[in-house]
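Participant: Knowing the structure of chain A, use the given hints to seat chain B on it.
Residue numbers (the numbering used here), protein chains in the order written: chain A, 4 to 161; chain B, 4 to 161.
Hints may be right or wrong, so weigh each one.
Identical chains share a label here; the pair holds if one copy fits it or two copies do between them.
With a cut-off of at most 20 angstroms between alpha-carbon atoms, the simulated SDA-like pairs for lysine to any residue come out as follows [what the hints assert, rightly or not]: (1) Lys81 with Asn94; (2) Lys74 with Asp155; (3) Lys81 with Ala49; (4) Lys81 with His51; (5) Lys81 with Pro37.
Rather than coming from a laboratory, the hints here were simulated on the basis of the structure. Since the model is a prediction, treat every value here as computed from it, not as a measurement.
Single-letter residue listing:
Protein chains: 2
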Amino acid sequence: MAHLGAAVNIITSNGPGGRCGITASAVCSVTDTPPMLLICINRNSAMHAILEQNVHLCVNVLPGHHEELAKHFSGMTKMPMAERFEIPVWNCGTNDVPVLKDALASFQGRITELKPVGSHSVIFMEIDQITIAANGDSLIYFARNFCRVARDNPAMTS
Amino acid sequence: MAHLGAAVNIITSNGPGGRCGITASAVCSVTDTPPMLLICINRNSAMHAILEQNVHLCVNVLPGHHEELAKHFSGMTKMPMAERFEIPVWNCGTNDVPVLKDALASFQGRITELKPVGSHSVIFMEIDQITIAANGDSLIYFARNFCRVARDNPAMTS
Numbered sequence: 004m005a006h007l008g009a010a011v012n013i014i015t016s017n018g019p020g021g022r023c024g025i026t027a028s029a030v031c032s033v034t035d036t037p038p039m040l041l042i043c044i045n046r047n048s049a050m051h052a053i054l055e056q057n058v059h060l061c062v063n064v065l066p067g068h069h070e071e072l073a074k075h076f077s078g079m080t081k082m083p084m085a086e087r088f089e090i091p092v093w094n095c096g097t098n099d100v101p102v103l104k105d106a107l108a109s110f111q112g113r114i115t116e117l118k119p120v121g122s123h124s125v126i127f128m129e130i131d132q133i134t135i136a137a138n139g140d141s142l143i144y145f146a147r148n149f150c151r152v153a154r155d156n157p158a159m160t161s
Numbered sequence: 004m005a006h007l008g009a010a011v012n013i014i015t016s017n018g019p020g021g022r023c024g025i026t027a028s029a030v031c032s033v034t035d036t037p038p039m040l041l042i043c044i045n046r047n048s049a050m051h052a053i054l055e056q057n058v059h060l061c062v063n064v065l066p067g068h069h070e071e072l073a074k075h076f077s078g079m080t081k082m083p084m085a086e087r088f089e090i091p092v093w094n095c096g097t098n099d100v101p102v103l104k105d106a107l108a109s110f111q112g113r114i115t116e117l118k119p120v121g122s123h124s125v126i127f128m129e130i131d132q133i134t135i136a137a138n139g140d141s142l143i144y145f146a147r148n149f150c151r152v153a154r155d156n157p158a159m160t161s
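If we strip away everything but chain A, and leave its shape as in the complex, we get (with noise of 0.2 angstroms):
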């Protein structure tokens, strides 16, 4: 699987669960009408107990100088929940939900559905907000390395 190269997220959500973010590149766009992403979860991970609880969230897609912060919140660093957050790149968005300043894309919105396969959870997602930012390359996951896609690269012909 590590050869499906993907954008790296970081999943935010605040809610009656409390406040939790997870590093996430199982993330997929499902339809513009309406807006919809879904996001797969180990059923495992203290976020998935959490957004059991919770409704709103946020994907944070990651430009490429974020690589760092990615590590903060797959818990490669070890760094508590709380620190992570004391990070001075998070805004307060809508219901409270941390909404990454710098993002390439922000999507806030609310879970609409929770659906278990095997180890994990397909959490289904429709968007009330989307953020853009004008410019940034993208931080991607693959071959377990992240990499930077700049945005004015197209691919070269062979």
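Facilitator: Showing chain B alone in chain A's frame:
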């Protein structure tokens, strides 16, 4: 949604509905055990009508040099379906499903569920056979451009 960079894949299928293929970037890993992927496909596409009848399919993850192939299977070049499979890049996989010879990875398997969500269906697929290329870069679609991402191209720290 164009800001959500993703690997470019060609989904192929064969069976009672016929042989068909479509370019798709809305593909996402779900679980490792059992190995499962999901694919989001527009319900109005020819591919969708065929996948409602077929069981077997393959997700072919494209290496960087296959931008033209991606365009043929997206319909951009108006190449008829039969001609697309005459391009000498296809092997015949299990259950006669076309498998791309030089795919970065190919995931052969079968549909376990086809879940309607608005204008699209989320197709859940259990994987029976995985082939991985030892080398090769990845074709990524980001900000409405095809980009190539090298395997040994770690993110630069800014």
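Participant: For each hint, tell me whether it holds in the structure or not.
Facilitator: Hint check:
{"no.": "1", "hint": "Lys81 with Asn94", "in the structure": "neither (23 angstroms within a copy, 46 angstroms between copies)"}
{"no.": "2", "hint": "Lys74 with Asp155", "in the structure": "between (26 angstroms within a copy, 19 angstroms between copies)"}
{"no.": "3", "hint": "Lys81 with Ala49", "in the structure": "within (14 angstroms within a copy, 47 angstroms between copies)"}
{"no.": "4", "hint": "Lys81 with His51", "in the structure": "within (18 angstroms within a copy, 44 angstroms between copies)"}
{"no.": "5", "hint": "Lys81 with Pro37", "in the structure": "neither (37 angstroms within a copy, 29 angstroms between copies)"}
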